[in-house]
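Student: Those protein sequence lines, which keep their order, are chains A and B.
If you count by the numbering used here, then the first sequence holds residues 1 to 209, one letter each, in order.
If you count by the numbering used here, then the second sequence holds residues 1 to 259, one letter each, in order.
Worth flagging that the hints you see were computed from the coordinates, not collected in a lab.
It is possible that part of the hints are untrue.
Said to hold, decoys possible - Covered stretches of chain A, as calculated for chain B (at least 3 residues, CB under 8 Å):
(1) 51 to 58
(2) 102 to 113
(3) 138 to 148
(4) 182 to 196
Claimed, not checked - EDC-like cross-link-like pairs, simulated, lysine to aspartate or glutamate; straight-line CA separation at most 16 Å:
(5) A:90 x A:187
(6) A:62 x A:37
(7) A:46 x A:113
(8) B:86 x B:220
(9) A:196 x B:220
(10) A:115 x B:118
(11) A:196 x A:94
(12) B:36 x B:220
(13) B:86 x B:114
(14) A:196 x B:197
(15) A:46 x A:57
(16) A:196 x B:196
(17) A:115 x B:114
(18) A:191 x A:40
(19) B:36 x B:196
(20) A:191 x B:201
(21) A:115 x A:57
(22) A:191 x A:87
Nothing here was measured: the structure is a model prediction, and the numbers come from that model.
Glycine included, every Cβ here is placed at the ideal spot set by N, Cα and C.
If you want the building blocks of each chain, they are given just below.
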Amino acid sequence: MRTIAKAALCLFAALLLASAQGQEATPDVLVKNVTLEVVELIAKDKEIRGNRNKLIELINEKVLPHFNFTGMTALAMGQSWNKADAEQKKRLTEEFKTLLVRTYASALAAFAEQKLEFRPLRAKPTDTDVTVNVRVLQPGAQPVPIDYSMEKTAHGWKVYDVMVGGVSLVANYRTEFNNTVRESGIEGLIKSLSAKNRTLEAAGAAPQK
Amino acid sequence: MRLPASAVLLAFLAACATADGDPRDPFEGFNRGVYKFNEAVDAAIARPVATAYRDLLHEEIRSRVRNFFSNIADLFIGVNNLLQGKLQDGVEDWARFAFNSTFGLLGIHDVASDMGIEKHNEDFGQTLGRWGVGDGPYLVLPILGSSTLRDGVGTAADIYTDPVGDFRPIRLRNSAVALRLVSVRADLLDASRILEEAALDKYVFQRDAYLQRRRSLIYDGRPPREERIREERSFKTPVNVEPAAGVDNLRVVQHAHDR
Chain A
1 MRTIAKAALC LFAALLLASA QGQEATPDVL VKNVTLEVVE LIAKDKEIRG NRNKLIELIN
61 EKVLPHFNFT GMTALAMGQS WNKADAEQKK RLTEEFKTLL VRTYASALAA FAEQKLEFRP
121 LRAKPTDTDV TVNVRVLQPG AQPVPIDYSM EKTAHGWKVY DVMVGGVSLV ANYRTEFNNT
181 VRESGIEGLI KSLSAKNRTL EAAGAAPQK
Chain B
1 MRLPASAVLL AFLAACATAD GDPRDPFEGF NRGVYKFNEA VDAAIARPVA TAYRDLLHEE
61 IRSRVRNFFS NIADLFIGVN NLLQGKLQDG VEDWARFAFN STFGLLGIHD VASDMGIEKH
121 NEDFGQTLGR WGVGDGPYLV LPILGSSTLR DGVGTAADIY TDPVGDFRPI RLRNSAVALR
181 LVSVRADLLD ASRILEEAAL DKYVFQRDAY LQRRRSLIYD GRPPREERIR EERSFKTPVN
241 VEPAAGVDNL RVVQHAHDR
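Given the sequences, and given the hints that come with them, work out the whole structure.
Tutor: Quick look at the structure:
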């Protein structure tokens, strides 16, 4: 009996060591650390919540490095992506990023006070494409699941889609993007994204309620 | 034989159908009309009332109201879970109702959640979906908003079985129904503002989110993986070279079905 316990202990220690040596955090730990850090910063600093630009700055610094934004834009564009040239792809990605960061900022400001539950990752260590589940708990309602689709890249784990309550953000933009491209081409889509961003920016400059 | 009214309506809708639109939304022209009407009603009445409700009443009070109606809804959420063959979930829903109605003082305290019995989200539209009924065409219902043919039928059953509809006297019933609407709308204020910000075409964004959301709910959050995205990934998506990236996350569009 004792040998088994000893063996188990050794195995456990070996596993610990192995995971400590892994050069980067597992995707679920990464999501948890980043989310908690951002939520804590918002909770500590009331000013951030009222000041949209400050919040966006915070997201740019803490959250953005963990997203594969070119990949997200390509997925949202679907088949239209290949109709864009390299320079258009860059502008599309930039505009889409700006739009989503602003949306994300609003969502964070609205839901920062809710309780979060981080669920353990169900994946093999060899997996390179995983889904990390977080749940927003709220009294009197079903918890809202937030699922981050992540893939392993040369630069670490990157998010390429986020599903909120079962709604994939990337898939949700696809129809809109394709409609716009069909009606007014890639340039038309870039133009309407940037018009949208400028409207929001102007509105954001006004004091927030 | 008399032509049923619904057949006439369908024929009318078919006449509105646009040729080159989204196959899931053959009545887009008609739907957009109803959507516009709903938006106008929302801007004129629902949103101002819900905003006042949120700003004037403390969250303590609002959460009691939310819990009260949520508790009543658990009864038929349980029925729907049983109809879908989910025995354990159904028993949990009724256990929630039992605990919350008693220890939770007619449901105003959600003691069951504190005990770890989680709230579910079910309705007759989801039950039909679980039984294999497809979405049918997308519909925007007056006042009620996003729906499909299947969910519209489900909503009719939800309304028919709604315990709040049995409240008497009638004046009490009407007040309760109104209060519940205001409470639901108030909880969606943030989400609808985010929708406003996120969407290029709100109608399309909301429709697609609704259809995705319903699909997820029917499968209780574990729908068979949408293959489209995976397939496209297999022909390789570009990865950022520089550490750029973006974000998102929003609690998009909940709707009248969420309770």
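Student: Taking the hints in turn, state whether each one holds.
Tutor: Hint check results:
no. : hint          : result
1   : 51 to 58      : violated (count 0)
2   : 102 to 113    : holds (count 8)
3   : 138 to 148    : holds (count 8)
4   : 182 to 196    : holds (count 3)
5   : A:90 x A:187  : holds (12 Å)
6   : A:62 x A:37   : holds (8 Å)
7   : A:46 x A:113  : holds (12 Å)
8   : B:86 x B:220  : holds (11 Å)
9   : A:196 x B:220 : violated (34 Å)
10  : A:115 x B:118 : holds (14 Å)
11  : A:196 x A:94  : holds (13 Å)
12  : B:36 x B:220  : violated (31 Å)
13  : B:86 x B:114  : violated (22 Å)
14  : A:196 x B:197 : holds (8 Å)
15  : A:46 x A:57   : holds (15 Å)
16  : A:196 x B:196 : holds (11 Å)
17  : A:115 x B:114 : holds (13 Å)
18  : A:191 x A:40  : violated (36 Å)
19  : B:36 x B:196  : holds (14 Å)
20  : A:191 x B:201 : holds (14 Å)
21  : A:115 x A:57  : violated (24 Å)
22  : A:191 x A:87  : holds (14 Å)
Hint check: violations occur at hints 1, 9, 12, 13, 18 and 21; the rest are consistent with the structure.
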